[in-house]
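So you can see what is in the structure, the chains are spelled out below.
Protein chains: 2
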Amino acid sequence: MPSQKTFFATPQDAEAAFYEAIERADLDALMTVWCDEEEVVYVAPGGPRISGYANVRESWRAVFEGGARLHFRIHTLSALVNPFTAIHSVVEKITVEGQDDILTPIVATNIFLKGALGWRLVLHHASPSPPESTPVTQILH
Amino acid sequence: MPSQKTFFATPQDAEAAFYEAIERADLDALMTVWCDEEEVVYVAPGGPRISGYANVRESWRAVFEGGARLHFRIHTLSALVNPFTAIHSVVEKITVEGQDDILTPIVATNIFLKGALGWRLVLHHASPSPPESTPVTQILH
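First to last, the sequence lines map onto chains A and B. Under numbering that gives the first Met the number 0, the first residue of the first sequence carries the number 0, and numbering increases by one thereafter. Under numbering that gives the first Met the number 0, the first residue of the second sequence carries the number 0, and numbering increases by one thereafter.
None of these hints come from the bench; they were simulated from the model. Note that the structure is predicted; figures quoted are calculated from it, not measured. Incorrect hints may have been included.
The list treats identical chains as one, so a pair stands whether inside a single copy or across any two.
Here are the simulated lysine to any residue pairs, SDA-like style, with alpha carbons at most 20 Å apart [unchecked claim]:
id: 1; residue 1: 92; residue 2: 50
id: 2; residue 1: 92; residue 2: 24
id: 3; residue 1: 113; residue 2: 97
id: 4; residue 1: 113; residue 2: 12
id: 5; residue 1: 113; residue 2: 77
id: 6; residue 1: 113; residue 2: 59
id: 7; residue 1: 92; residue 2: 117
id: 8; residue 1: 113; residue 2: 82
id: 9; residue 1: 92; residue 2: 78
id: 10; residue 1: 92; residue 2: 9
id: 11; residue 1: 92; residue 2: 15
id: 12; residue 1: 113; residue 2: 70
id: 13; residue 1: 92; residue 2: 5
id: 14; residue 1: 113; residue 2: 98
id: 15; residue 1: 113; residue 2: 99
id: 16; residue 1: 113; residue 2: 129
id: 17; residue 1: 113; residue 2: 80
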């Protein structure tokens, strides 16, 4: 069983543990990835802003209680890292176990802070990225 | 006229300049706030992920060309700052000039980096925060 003592040596380790814990619907493992602080912020796709470790935990508990098992493919589109902070911008392609459809892609900002116990997630902001929108890059090129 | 040499001494200065430039529909002033780099990321409410300084500029140019004049009230809900990075989590309450309604509140993550020319915006991720959702904090207390 994971514990608060789990050491994530890199932001990538913490991010992988985050998505694996969601896939397994493992609340304890998931909450090990988050900073144990009031400053944590979680915005689910289409959802309100939730802050504070206890509130984030309660939100995920309710999600897992719903019973859907999710599978993620993560595309890291950019990463900015300095000694104390890592900012990842990713696209999540999510499928639900037992269903063929891929859900609307999700664009997510994941921010990790480095502390005595390695890297921990401090902010996860996710929102649907509408497929009907033509990326500006495609307009320009 | 603002220029790339504008110095923002604090993340708050850069953030204030960001929202003021949007209110004035001043593209040059707005783009002065952004890091002049490929790593910049912009997610508008309900929109796709846009990256790169030129693409972000083109996206805002199109917004301003639409002609709507917006007024912002910004509520800073949390701020994490270390020597090189500032992470602000804010709620934007937006009104459109000539209309009485307040739009759906927007939750935004604003990330600023400190460089030789002070603080600059490197990521703005915004998404609608549905009023019908009951915050988890209200469920718990």
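A quick look at each hint next to the structure:
In the homo-oligomer, the alpha carbons of residue 92 and residue 50 lie at most 20 Å apart only across protomers (19 Å), although the nearest pairing inside one protomer, at 25 Å, exceeds that limit. Taking CA atoms no more than 20 Å apart as the test, residue 92 paired with residue 24 passes inside one copy only; the shortest distance there is 17 Å, against 35 Å between copies. When the C-alpha separation of residue 113 and residue 97 is checked against a cutoff of 20 Å, the pair qualifies neither within a copy, at 37 Å, nor between copies, at 47 Å. Taking the shortest Cα distances, residue 113 and residue 12 sit within 20 Å of each other inside one copy (12 Å), while across copies they are farther apart (26 Å).
Taking CA atoms no more than 20 Å apart as the test, residue 113 paired with residue 77 passes in both settings, with 18 Å inside one copy and 18 Å between copies. Within a single copy, residue 113 and residue 59 get their C-alpha atoms no closer than 23 Å, and across copies no closer than 34 Å, so neither meets the 20 Å cut-off. For a Cα distance limit of 20 Å, the shortest separation of residue 92 from residue 117 qualifies neither inside one copy, at 27 Å, nor across copies, at 36 Å. When the C-alpha separation of residue 113 and residue 82 is checked against a cutoff of 20 Å, the pair qualifies both within a copy, at 8 Å, and between copies, at 13 Å.
Taking CA atoms no more than 20 Å apart as the test, residue 92 paired with residue 78 passes inside one copy only; the shortest distance there is 18 Å, against 29 Å between copies. Taking the shortest Cα distances, residue 92 and residue 9 never come within 20 Å of each other, neither inside one copy (23 Å) nor across copies (36 Å). In the homo-oligomer, the alpha carbons of residue 92 and residue 15 lie at most 20 Å apart inside one protomer (14 Å), although the nearest pairing across protomers, at 35 Å, exceeds that limit. When the C-alpha separation of residue 113 and residue 70 is checked against a cutoff of 20 Å, the pair qualifies neither within a copy, at 27 Å, nor between copies, at 37 Å.
Taking CA atoms no more than 20 Å apart as the test, residue 92 paired with residue 5 passes in neither setting, with 27 Å inside one copy and 39 Å between copies. Taking the shortest Cα distances, residue 113 and residue 98 never come within 20 Å of each other, neither inside one copy (38 Å) nor across copies (45 Å). For the homomeric pair residue 113 and residue 99, neither the shortest alpha-carbon distance inside one copy (38 Å) nor that between copies (45 Å) is at most 20 Å. Within a single copy, residue 113 and residue 129 get their C-alpha atoms no closer than 33 Å, and across copies no closer than 32 Å, so neither meets the 20 Å cut-off.
In this homomeric assembly, residue 113 and residue 80 come within 20 Å of each other (Cα to Cα) both inside a single copy, at 10 Å, and across copies, at 13 Å.
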